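Protein sequence lines correspond, in order, to chains A and B.
According to my numbering, the stretch in the first sequence is residues 1 to 284, in order.
According to my numbering, the stretch in the second sequence is residues 1 to 278, in order.
Just so you know, these hints were derived from the structure itself, not from any lab.
Source: prediction; values computed, not measured.
Honestly, I wouldn't trust all of these hints.
Said to hold, decoys possible - Stretch-level coverage of chain A by chain B, calculated; a stretch enters the list once three of its residues show a Cβ under 8 angstroms from a Cβ in chain B:
1) 20-26
2) 97-109
3) 119-130
4) 222-230
5) 239-245
6) 259-267
Just so it is clear, CB atoms sit at the ideal spot from N, CA and C, and this is done for glycine as well.
Each chain, letter by letter, is given below.
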Amino acid sequence: MSRHRHLIGWVQAAPLAAILLAFLVAPIVMIVIVSFWGATEFSIYPAFKFDNYEFLFGSSVTYRVFGATLKYALITWALTLVIGFTVAYFLAFHVRSLTMQIALFLVCTIPFWTSNIIRMISWIPFLGRNGIANQTLISWGVIDEPLDWLLYSDFSVILAFVHLYTLFMVVPIFNTMMRIDKSLLEAARDAGASGVQTLVHVIIPLTKPGIMIGTIFVVTLVMGDFITVRFMSGSQRANVGRLISNDIALLQYPSAAATAVVLLCTVLIVIAILLRFVNIRKEL
Amino acid sequence: MERRPRSFYLLAAVFGLFVLFLYGPIVTIGILSFQGPQGGLTFPMNGVSLHWFRDLFEQQAVGDIWGAFRRSFGLGLMVMVTTVVISVLAGLAFRKRFAGSAILFYAAITSLVIPSILISLGVGLIFNQLGLKVHWATSGFGAQLTWTLPFGLLIMFAVFNRFDRSYEEAARDQGATAWQTIRHVVLPIIAPSLIGVALFGFTLSYDEFARTLLTAGSYNTLPLEIFGMTTNVTTPVIYALGTLTTAFSLAIIGLFLLCAWILGKRRARLGSDAGKGI
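With the hints as constraints, model all of the structure from the sequences given.
The structure is reproduced here in structure tokens:
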């Protein structure tokens with residue numbers, strides 16, 4: 001019976017396993033292998049040497065770019081957490097009818113199903129030198145000269161990250177909040193807790209798993225990004241993803257692969273640390 | 001009903017600002033895509049016209065937008081169907097513990113959080129070394145599945161965590177075979193959630209960029225085409241394209257939500273009221 005059960009499970013899981021093997025595991029293995037290869041200007045050739053890693057760790061650019069990547073991740077994380085938590089809190093505890101909750105929740109999630117590229121492009125008329133933000137500020141008399149740092153700067157990169165990824169905080173946090181037993185909140189109030197005390201001592205601790213899942217999403221998305229930074233900074237800022245994609249554009253695959261391996265290790269270490277705080281499977 | 005506390009209004013205002021932040025930019029390019037023929041990339045509007053939309057439908061100087069749209073649409077449907085089928089099967093598999101289930105689960109999570117460029121690069125390298133040509137329908141298709149399948153699987157987990165097993169037991173007690181139980185009991189019950197999986201499958205594929213970048217080959221999908229345009233197009237035609245494809249996405253989302261809603265209504269109308277009292 002037990003063998004039979006395993007067999008059915010394997011057959012049902014086989015297509016998923018096959019896809020992940022072919023398009024996830026094999027590519028990772030391939031990248032690790034190629035990271036030890038050598039490259040000429042036009043081609044790559046099999047070898048086993050550490051040149052790519054030596055070059056990577058010997059260059060000050062690497063450390064600067066990894067630093068910038070972590071900076072983007074940290075700032076975006078903090079902003080999406082505050083905004084996402086506030087929005088989820090409002091939806092879960094202040095909107096009273098379920099229909100309204102679902103409707104407003106959908107309003108928050110619909111942009112997720114539209115194109116990220118278009119959503120980035122849509123900031124241009126806002127942030128440009130003659131954009132809406134500058135025009136408005138000048139007409140209000142707040143500034144005399146248009147601000148140059150609105151577009152193609154760290155500011156616009158982080159703005160776009162927050163715009164694209166706050167959703168990944170809202171959804172898991174809202175999900176855990178909806179499962180909090182409302183009688184706990186009543187109990188807290190009956191015991192004399194103020195609104196803030198209930199928030200700090202009851203709601204936030206119970207919402208931690210959702211916060212952790214959102215954090216994993218946002219941090220990994222930002223650390224692995226290469227297109228938002230390129231587009232929103234007008235190619236003036238760099239992160240690890242761009243380092244990789246630049247090498248790819250130059251056909252320096254082994255060097256790109258070495259950087260990718262280091263990036264993957266960094267991301268996995270961050271996730272391993274975060275996973276110590278949450279059991280994902282229990283939370284769905 | 002008790003009176004709303006003052007914090008409600010404050011939070012409602014924050015929520016309103018958040019929605020404005022989410023939708024403001026896209027609404028803006030929606031408006032700007034109706035710029036007059038002399039209009040630029042930002043306000044003021046230089047007249048109102050359909051000039052830039054007409055531009056899209058005429059012979060283009062850059063790229064092959066309609067070809068890219070057809071490919072993206074076809075690929076989206078392929079990914080959608082595959083995602084639904086494989087997610088349901090895997091969801092059923094994970095209901096019973098089978099040897100290796102933990103490893104497979106962690107593989108799926110890795111697939112979700114791995115930087116997309118690694119998939120793009122790795123799949124590209126493999127095809128390259130095997131002497132195969134990358135093509136959107138082969139390498140691109142597989143690369144996109146690594147993004148949509150984990151979402152499908154997570155939705156199936158959520159669905160089966162809330163699934164009442166007594167329905168299945170009832171079917172089995174009445175003599176249904178394992179297949180009959182799945183076909184006539186389990187699948188109809190989870191059907192509305194499958195619409196959700198399909199929605200994720202289609203839209204995530206239709207808009208996917210990073211994992212398709214090095215795996216689509218010489219024929220671009222729509223997001224790749226649009227990204228190519230951003231570097232060399234400086235007229236509102238790019239807004240017109242953005243508006244059209246966003247409108248298309250919204251129509252698709254609306255269609256899926258409508259299906260889910262109709263299915264729910266139908267179930268409420270035709271469902272038995274047994275056990276609900278009078």
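Hint check:
{"no.": "1", "hint": "20-26", "result": "holds (count 6)"}
{"no.": "2", "hint": "97-109", "result": "holds (count 4)"}
{"no.": "3", "hint": "119-130", "result": "holds (count 9)"}
{"no.": "4", "hint": "222-230", "result": "holds (count 5)"}
{"no.": "5", "hint": "239-245", "result": "holds (count 3)"}
{"no.": "6", "hint": "259-267", "result": "holds (count 4)"}
Of the numbered hints stated above, none is contradicted by the structure.
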